[in-house]
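Assemble the complex: chain A is given as a structure, and chain B must be docked to it using the hints.
One letter stands for each residue in the lines below.
Number of protein chains: 2
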Amino acid sequence: MISFEEAHKKVMEKLLSFEEENVFFTNSLGRILAEDILADRDFPPFHRATKDGIAINYGAGENTKKQFKIQGIIAAGTPKVKLNNTNDCLEIMTGAVLPENADTVVMYEDITIENGSAIVNSEIKKGQNIHRQGTDVEQGAVVIKKNTKITAAEIGILASVGKVEVKVKKLPKIALISTGNELVAVHETPKPHQIRNSNMLSLHALLEEENILATHVHLNDDKEEIKNGLNELLRTNNVLMLSGGVSKGKFDFIPEAFEELGVEKIFHRVAQRPGKPFWFGIHKETNTVVFSFPGNPVSTFANYYVYFKDWLYESLRIENKKENIVLGEDFFNPTKLTLFVRVKIESKNGITYAFPIKENGSGDLMSLAHTDGFIALSPNKELYKKEEVAPFIATR
Amino acid sequence: MISFEEAHKKVMEKLLSFEEENVFFTNSLGRILAEDILADRDFPPFHRATKDGIAINYGAGENTKKQFKIQGIIAAGTPKVKLNNTNDCLEIMTGAVLPENADTVVMYEDITIENGSAIVNSEIKKGQNIHRQGTDVEQGAVVIKKNTKITAAEIGILASVGKVEVKVKKLPKIALISTGNELVAVHETPKPHQIRNSNMLSLHALLEEENILATHVHLNDDKEEIKNGLNELLRTNNVLMLSGGVSKGKFDFIPEAFEELGVEKIFHRVAQRPGKPFWFGIHKETNTVVFSFPGNPVSTFANYYVYFKDWLYESLRIENKKENIVLGEDFFNPTKLTLFVRVKIESKNGITYAFPIKENGSGDLMSLAHTDGFIALSPNKELYKKEEVAPFIATR
Numbered sequence: 001m002i003s004f005e006e007a008h009k010k011v012m013e014k015l016l017s018f019e020e021e022n023v024f025f026t027n028s029l030g031r032i033l034a035e036d037i038l039a040d041r042d043f044p045p046f047h048r049a050t051k052d053g054i055a056i057n058y059g060a061g062e063n064t065k066k067q068f069k070i071q072g073i074i075a076a077g078t079p080k081v082k083l084n085n086t087n088d089c090l091e092i093m094t095g096a097v098l099p100e101n102a103d104t105v106v107m108y109e110d111i112t113i114e115n116g117s118a119i120v121n122s123e124i125k126k127g128q129n130i131h132r133q134g135t136d137v138e139q140g141a142v143v144i145k146k147n148t149k150i151t152a153a154e155i156g157i158l159a160s161v162g163k164v165e166v167k168v169k170k171l172p173k174i175a176l177i178s179t180g181n182e183l184v185a186v187h188e189t190p191k192p193h194q195i196r197n198s199n200m201l202s203l204h205a206l207l208e209e210e211n212i213l214a215t216h217v218h219l220n221d222d223k224e225e226i227k228n229g230l231n232e233l234l235r236t237n238n239v240l241m242l243s244g245g246v247s248k249g250k251f252d253f254i255p256e257a258f259e260e261l262g263v264e265k266i267f268h269r270v271a272q273r274p275g276k277p278f279w280f281g282i283h284k285e286t287n288t289v290v291f292s293f294p295g296n297p298v299s300t301f302a303n304y305y306v307y308f309k310d311w312l313y314e315s316l317r318i319e320n321k322k323e324n325i326v327l328g329e330d331f332f333n334p335t336k337l338t339l340f341v342r343v344k345i346e347s348k349n350g351i352t353y354a355f356p357i358k359e360n361g362s363g364d365l366m367s368l369a370h371t372d373g374f375i376a377l378s379p380n381k382e383l384y385k386k387e388e389v390a391p392f393i394a395t396r
Numbered sequence: 001m002i003s004f005e006e007a008h009k010k011v012m013e014k015l016l017s018f019e020e021e022n023v024f025f026t027n028s029l030g031r032i033l034a035e036d037i038l039a040d041r042d043f044p045p046f047h048r049a050t051k052d053g054i055a056i057n058y059g060a061g062e063n064t065k066k067q068f069k070i071q072g073i074i075a076a077g078t079p080k081v082k083l084n085n086t087n088d089c090l091e092i093m094t095g096a097v098l099p100e101n102a103d104t105v106v107m108y109e110d111i112t113i114e115n116g117s118a119i120v121n122s123e124i125k126k127g128q129n130i131h132r133q134g135t136d137v138e139q140g141a142v143v144i145k146k147n148t149k150i151t152a153a154e155i156g157i158l159a160s161v162g163k164v165e166v167k168v169k170k171l172p173k174i175a176l177i178s179t180g181n182e183l184v185a186v187h188e189t190p191k192p193h194q195i196r197n198s199n200m201l202s203l204h205a206l207l208e209e210e211n212i213l214a215t216h217v218h219l220n221d222d223k224e225e226i227k228n229g230l231n232e233l234l235r236t237n238n239v240l241m242l243s244g245g246v247s248k249g250k251f252d253f254i255p256e257a258f259e260e261l262g263v264e265k266i267f268h269r270v271a272q273r274p275g276k277p278f279w280f281g282i283h284k285e286t287n288t289v290v291f292s293f294p295g296n297p298v299s300t301f302a303n304y305y306v307y308f309k310d311w312l313y314e315s316l317r318i319e320n321k322k323e324n325i326v327l328g329e330d331f332f333n334p335t336k337l338t339l340f341v342r343v344k345i346e347s348k349n350g351i352t353y354a355f356p357i358k359e360n361g362s363g364d365l366m367s368l369a370h371t372d373g374f375i376a377l378s379p380n381k382e383l384y385k386k387e388e389v390a391p392f393i394a395t396r
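As you go down the protein sequences, you meet chains A and B in turn.
According to UniProt numbering, the first sequence holds residues 1 to 396 in order.
According to UniProt numbering, the second sequence holds residues 1 to 396 in order.
This is chain A alone, in the form it adopts within the complex (with noise of 0.2 Å):
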């Protein structure tokens, strides 16, 4: 048994890198970036008016000179238009380009309009009330960096720059496998001795949380289904996450399974709580990468977010920071394994706490529903004082 350091340490060396598909940006909210996004123009492109107001030469005639005769009126998507006489103002929309001859913009809110001329009440500053071309950022200038999660801030500037077709990182293939003769489907009724299949939709909507739409297969708890089940499996997706079928069972064919079929074992049972009895592995013929989780869902809940999450933003070359929190109680592992506990979250002035709910093992799916997160517990510190911080992966 290894440690949970080692274990995670041996996925992350078996990253895969995937390939870049085009997609509509306004279907590319939540991909990942595999180009550089340039300014197409200057950011603004023009001089452009920030207030609706007028616009003068704030240098011609005397300093003291409060009176423009008004020109005529400039609204937004009007070309550029020409100030005749320096003395004279145009009347300026917001999102207009400033005329030539003008460098300053007085707002509505200043001037009084009287016989076709504008009196300026107050004082004003040359330059004013205008966002100069070019200033937010050069036209070539890299506006969005390869590798960024796409938000909808960046959908809005792929706007902007006119980019309609976006480079982004292909997603991996992803099959989710359920083995045991004792899951039905969520529409039956179970008998007594029966349990519906819940990993597999947790692990579903885990993945649909990513963009990724992982197919599902069951297999039946015999050996040559698993066999030739997970052959075909192996050859068509970049990814197999089973749940069960990898403790001590005597019908627990997995792991023989998988090494008739090519598929290298890294390891198998990390010492954690929950999640101990977690196998990985590497089919060598296809370098499709297999996480298989234990049967209990609070087993596989965790490990998907300590072992695959991880794996996936790494594989993605997404940032993937890791934060700590502050434990609002003193937290305990008395044991020689890395303990993942579950935890809610309260902030107050500004620093998130992590408080233990009240759950019953790892197969307690229902406790789920009250967590916010784990907290991880190393095996080398038994006791956590409340104030200490502790690091901190969030599910929700």
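Where hints are given, some of them may not hold.
Intra- or inter-copy, both count: the list cannot distinguish identical chains.
[What the hints assert, rightly or not] Below, a list of computed lysine-lysine pairs in the DSS-like style, where the Cα atoms sit at most 30 Å apart:
no. : residue 1 : residue 2
1   : Lys223    : Lys51
2   : Lys191    : Lys167
3   : Lys80     : Lys385
4   : Lys66     : Lys227
5   : Lys381    : Lys146
6   : Lys80     : Lys227
7   : Lys358    : Lys126
8   : Lys322    : Lys149
9   : Lys82     : Lys322
10  : Lys385    : Lys348
11  : Lys126    : Lys14
12  : Lys348    : Lys386
13  : Lys348    : Lys223
14  : Lys10     : Lys146
15  : Lys344    : Lys265
16  : Lys51     : Lys336
17  : Lys276    : Lys125
18  : Lys336    : Lys309
19  : Lys170    : Lys10
20  : Lys169    : Lys125
21  : Lys358    : Lys276
22  : Lys358    : Lys348
Everything labelled a hint here was simulated from the structure, so no lab data went into it.
Then chain B, alone, in the frame of chain A:
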């Protein structure tokens, strides 16, 4: 001009109540539960072995007895069997039903099997390695509360209680309306005086993150076109969201059109930056709520978060926690406005700090690529010292 607090309060006075609809549970990720979810049976539904090993009767025979004849083997998914002779044992697999007359499970790691008998090599405790029926939750108990946002954890729970159809809150029907003749479509090459329409795309993506698929209509700066368009949209949507057309410009027909259409103006202009010329109203006839944001991209983006998102979450009755963040530097607010300042966040020793980013005003869309959120600085406080806290609105 009203304060941000007043404006926010007025928006929250116009909450809507959304109807309910049934969706297939695998389509409910991210939706808001409109019913309590109950356990359809005890969890676990039977005394369940949590280890592979042997099931024994702890009390039978001598206390010193350490050897048990193996009566047979029980796989997970097998109906409940009986330990015929309480001095014997049954091999049992994880997930299987504890047999009648047995009360304790000893795992394989702690036994040796020889000549059809299991010899126990370690201390055992009565009742060990059994996840007892009903100890997670009892039949009929609430396992997920109404008004919960459904995550992958809830999907697993819905699966395990057989809740195939789940009642969720309907989401509002929203039309996004852009105006402004300076805007061209994303796939077009703008002339020097034009810009691409980005606000609608950001808003569309923001709503997509809430599972809302908004429609988008562009209205030209023509009063009749705007009035007819708005009239139709008011009657077919719960919310209209606009960007631009509400400042003091000569071509900003929108407030006038709304007035003529019977949309009551609740307020226009708020003492805040960015986002000052925000216009908020309600159509008395249809109860359609109108969020008319200023045209600058950062103004629209900030106002979406500080007004609309709060309004949406409160309307859906989701807990919408307000968090503070610790400031990583001194911040200043020399104005009489509430400032929403773009920040980057960094965590250290379990505490997250906000730092200012370089930005160029409310027109600087590109700055949002570096923004993790906004901090809100009150007009009543000029200096926020490093290590003080301020309200934080995360945008990433």
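Please write out, lowest number first, the hints stated earlier that are contradicted by the structure. Structure breaks hints 3, 4, 5, 9, 11, 13, 15, 20.
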